[in-house]
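Chain order of the listed sequences is G and E. Note that the first sequence ends on residue 313 in my numbering; no numbers are left out. Note that the second sequence ends on residue 430 in my numbering; no numbers are left out.
Do not rely on the hints blindly, as some may be mistaken.
[As the list claims (entries may be wrong)] Derived pair list, reagent style DSS-like, types lysine-lysine, alpha-carbon separation capped at 30 Å:
1) G/K212 to E/K234
2) G/K157 to G/K256
3) E/K271 to G/K256
4) E/K136 to G/K73
5) E/K358 to G/K193
6) G/K205 to E/K342
7) E/K233 to G/K300
8) G/K182 to E/K136
9) E/K376 to E/K271
10) E/K358 to G/K300
11) G/K73 to G/K256
12) E/K342 to E/K234
13) G/K73 to G/K157
14) E/K358 to E/K422
[Claimed, not checked] A partial selection of chain G residues facing chain E, derived with a Cβ cut-off under 7 Å:
15) S25
16) I129
17) P145
18) Y146
19) L161
20) D199
21) L215
22) W230
23) V254
24) K256
25) I288
Read the hints as simulated data drawn from the structure, not as lab findings. Here the structure is a predicted model, which means the values were calculated and not measured. Note that beta-carbon positions come from the ideal geometry of N, C-alpha and C, so glycine has one too.
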Amino acid sequence: MAKNTIRLDTSSYFVRSFAYAFISLLAFACLIPFLLMIGTSFTNENVVRQYGFNLWPRKFDLLAYRLVFENPNLVIGSYAVTIIMTFFGTAIGLFLISMAGYALQRPDFDYRNTISFYIYFTTLFSGGLVPYYLLIVKVLGLKNNYLAVFLPLLMSPWLIILMKNFTKSIPFAITESAKIDGASDFLIFMKIILPMSKPALATVGLFLALSYWNEWYNSMLFLEANVKYRPLQLFLYNVVNKVEYIRNSAASSNIPPMDIPLETMKMATALVAIGPIMLVYPFIQKYFIRGITIGAVKG
Amino acid sequence: MAFNTKNEGLNIESAPPILKKNKKKPFLFKLKKNKSLLIMTLPVIVFFFIFSYIPMPGIYLAFIRYNYNQGIFKSPFIGFENFRFLIQSGQLATITINTVLYNLAFILLGNCLQIFVAVLLNEVASARFKKITQTVMFLPYFISAVIVGLLAYNFLNYDYGFLNVMLKKLNLEPLAVYSTPSAWPFIIVLTNLWQGVGYGSIVYFAQITSIDSEIVEAAAIDGVNAFQRIRYIILPWLKPTFILLLLFSLGGVLKGNFGLFYNLVGNNSTLFKTTDIIETFVFRSLMINFNFSMSSAVSLYQSFFGCVLVLFCNWLVKKIEPDYSLF
Chain G
15 MAKNTIRLDT SSYFVRSFAY AFISLLAFAC LIPFLLMIGT SFTNENVVRQ
65 YGFNLWPRKF DLLAYRLVFE NPNLVIGSYA VTIIMTFFGT AIGLFLISMA
115 GYALQRPDFD YRNTISFYIY FTTLFSGGLV PYYLLIVKVL GLKNNYLAVF
165 LPLLMSPWLI ILMKNFTKSI PFAITESAKI DGASDFLIFM KIILPMSKPA
215 LATVGLFLAL SYWNEWYNSM LFLEANVKYR PLQLFLYNVV NKVEYIRNSA
265 ASSNIPPMDI PLETMKMATA LVAIGPIMLV YPFIQKYFIR GITIGAVKG
Chain E
104 MAFNTKNEGL NIESAPPILK KNKKKPFLFK LKKNKSLLIM TLPVIVFFFI
154 FSYIPMPGIY LAFIRYNYNQ GIFKSPFIGF ENFRFLIQSG QLATITINTV
204 LYNLAFILLG NCLQIFVAVL LNEVASARFK KITQTVMFLP YFISAVIVGL
254 LAYNFLNYDY GFLNVMLKKL NLEPLAVYST PSAWPFIIVL TNLWQGVGYG
304 SIVYFAQITS IDSEIVEAAA IDGVNAFQRI RYIILPWLKP TFILLLLFSL
354 GGVLKGNFGL FYNLVGNNST LFKTTDIIET FVFRSLMINF NFSMSSAVSL
404 YQSFFGCVLV LFCNWLVKKI EPDYSLF
């Protein structure tokens with residue numbers, strides 16, 4: 015809206031001041047937990063034990079980080095597992111989702127409504143956790159296999175719908191004229207549609223990547239027992255919830271068990287897990303915003 | 104909306120002419136004509152067949168007393184015995200009430216806060232301020248449930264938590280939050296609002312920016328003040344979106360956010376009275392008590408009534424705004 019053309023009366027002035035104040039406060043409230051985590055991770059453990067968590071380190075200390083990387087294999091292994099899964103999961107998932115999304119919005123595809131409903135129905139009714147668990151463990155035999163985490167995240171009904179709606183905005187005439195020139199459906203998709211749907215691919219791809227990066231549920235269900243390198247979030251989950259994990263990762267250092275900085279190490283590990291997201295976040299969030307506005311309002 | 108069968112599927116007029124002829128041809132011909140597009144959707148079909156459709160018959164587990172060694176087909180069939188136990192023990196009522204009340208709070212408070220923020224964002228003049236605050240408010244949406252749990256722990260931990268640090272500074276008694284069940288509805292709802300405010304306000308803010316600026320200018324010339332502008336132009340403009348989002352989310356009130364609850368509460372049984380939802384109960388029945396049948400019974404109950412709810416809400420949406428209904 016063209017705000018500048020409106021003369022500011024007292025009420026607008028009041029509302030505007032309130033808006034600045036309220037939104038600043040809310041934004042700060044959204045940020046505080048992160049600042050608290052960062053501040054604590056750089057604080058000396060004894061200071062934390064005495065004064066509690068604080069936004070600003072009273073006594074700067076990098077011991078927690080040194081210990082997190084004391085056993086670098088564990089952290090690096092976790093990173094590697096998560097990065098590999100995120101990369102291949104996003105690439106493969108994106109390809110399959112965009113291919114299906116294109117086919118499902120083609121008006122000349124006779125089965126598009128049947129298949130769309132087939133996909134949508136899975137959000138209406140599900141067998142529940144136990145049959146799913148038995149499927150992965152007993153039928154597919156994927157217990158302690160990274161595939162149990164990798165495969166289920168490849169696609170979701172919501173992302174397919176999103177992609178389908180994105181692709182709908184490309185005129186069908188383009189497909190038709192390519193067909194007249196003798197191009198096959200797959201060739202049209204690869205050579206014409208894919209290059210034209212870059213913004214859509216960015217949005218859907220980022221949602222996929224985020225779901226892989228933040229994955230912990232399937233990891234917790236299927237990878238707990240015998241996997242050496244746990245996906246990053248599961249690694250963090252163990253560090254946060256199980257004291258022995260911290261003690262293990264600090265075992266090779268010469269610090270007596272009682273002096274291991276438990277609290278600051280939790281925060282340091284969390285910061286290591288969240289770091290890449292925080293770094294790329296400012297550059298990628300606009301694609302998410304575009305996805306949300308298109309996906310939520312137009313459905 | 105995505106699957107408007109009535110408008111898309113049977114609307115032969117807008118489809119290319121080839122399609123009209125084929126409607127009368129036999130099945131195999133149709134299959135051949137659509138072959139390449141079918142192959143392109145095949146991976147998706149196979150995916151959902153394996154991960155969603157194969158487990159569906161597993162609801163049979165809800166009607167037997169499952170024994171891992173005997174397997175599904177040799178375990179004794181006991182009809183609705185599992186459901187009777189869940190109802191008589193009162194567990195089903197507790198988790199249902201918790202799930203529904205939490206979701207209602209999430210939906211109603213969440214949407215109101217998001218609309219409030221979107222309206223205020225629209226009043227802000229500085230584009231840079233808008234961009235920075237939106238980016239910051241959106242940040243909590245990007246972190247995993249594990250980190251949400253840890254951030255809550257930073258605040259609430261009895262010995263070191265920020266809340267108690269502040270209380271001690273004010274010479275007040277520290278709170279033992281992790282052993283006080285009555286505090287948790289507030290904590291969980293606040294956490295949910297915190298994580299969702301950025302996401303939701305973007306949706307509403309996008310709606311507000313689509314208001315024709317001429318309407319706003321004309322109103323300003325007529326001497327409409329800011330409160331009237333919000334009350335009579337902006338809020339009515341958001342009403343349809345609000346009602347639709349409300350109805351769609353009401354269809355999901357039986358589905359809980361497992362990650363949020365599990366990472367905030369974990370297996371802390373003193374808090375279950377006020378924090379146990381369907382998902383956490385199902386999870387514990389399976390992973391801790393190894394009671395496969397009880398877990399399945401609750402899932403089936405949730406799936407069945409969830410499905411009924413979605414259909415009902417969709418019927419309501421159809422009555423209000425036929426274009427937006429799901430099917």
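Verification of the supplied hints:
A hinted pair counts as satisfied when its Cα atoms are at most 30 Å apart, and G/K212 with E/K234 qualifies at roughly 23 Å. For a cut-off of 30 Å, the pair hint linking G/K157 to G/K256 stands: about 22 Å separates their Cα positions. With a C-alpha separation of about 28 Å, the suggested pair E/K271 and G/K256 falls inside the 30 Å cut-off, and the hint holds. Distance hint between E/K136 and G/K73 is unfulfilled; the C-alpha atoms sit about 72 Å from each other, more than 30 Å.
For the proposed pair E/K358 and G/K193, the alpha carbon gap of about 45 Å is over 30 Å, so the pair is violated. The suggested pairing of G/K205 with E/K342 is violated, with an alpha-carbon distance near 42 Å, which exceeds 30 Å. Distance check on the hinted pair: E/K233 and G/K300 sit about 13 Å apart at the alpha-carbon level, within 30 Å; holds. The hinted pair formed by G/K182 and E/K136 meets the criterion: a straight-line CA distance of about 21 Å does not exceed 30 Å.
With a CA separation close to 29 Å, the supplied pair E/K376 and E/K271 stays within the 30 Å bound. For the hint linking E/K358 to G/K300, the alpha-carbon distance of about 29 Å falls within 30 Å, and the restraint holds. Proposed proximity of G/K73 and G/K256 is supported: the alpha carbons are some 26 Å apart, at most 30 Å. For the hint pairing E/K342 with E/K234, the CA-to-CA distance comes to about 25 Å; that is within 30 Å, so the pair holds.
For the given pair, G/K73 sits about 45 Å from G/K157 by alpha-carbon distance, which is inconsistent with the 30 Å threshold. Using a Cα cut-off of 30 Å, the hinted pair E/K358 and E/K422 holds, with the two alpha carbons roughly 24 Å apart. For G/S25, the suggested interface contact is upheld, since its CB lies about 4 Å from the closest CB of chain E, less than 7 Å. Proximity of G/I129 to chain E holds as hinted, the smallest CB-CB distance being about 6 Å (cut-off 7 Å).
Hint status for G/P145 relative to chain E: holds, with the closest Cβ pair at about 2 Å, below 7 Å. A cut of 7 Å between beta carbons decides the hint on G/Y146: the least distance to chain E is about 5 Å, and the hint holds. At its closest, the beta carbon of G/L161 sits 12 Å from a beta carbon of chain E; the interface hint therefore is violated under the 7 Å criterion. Annotation: G/D199 was flagged as interfacial toward chain E, and the flag holds, the nearest CB pair being 4 Å apart, inside 7 Å.
Among the interface hints, the one on G/L215 is violated; its C-beta lies about 16 Å from the nearest C-beta in chain E, farther than the 7 Å criterion. For G/W230, the shortest C-beta to C-beta distance to chain E is roughly 5 Å, which falls under 7 Å, so the interface hint holds. The beta carbon of G/V254 comes within 5 Å of a beta carbon in chain E, closer than 7 Å, and the hint placing it at the interface holds. A least Cβ separation of about 11 Å between G/K256 and chain E goes past the 7 Å threshold, and the interface hint is therefore violated.
A cut of 7 Å between beta carbons decides the hint on G/I288: the least distance to chain E is about 6 Å, and the hint holds.
Of the numbered hints stated above, those contradicted by the structure are hints 4, 5, 6, 13, 19, 21 and 24, listed in ascending order.
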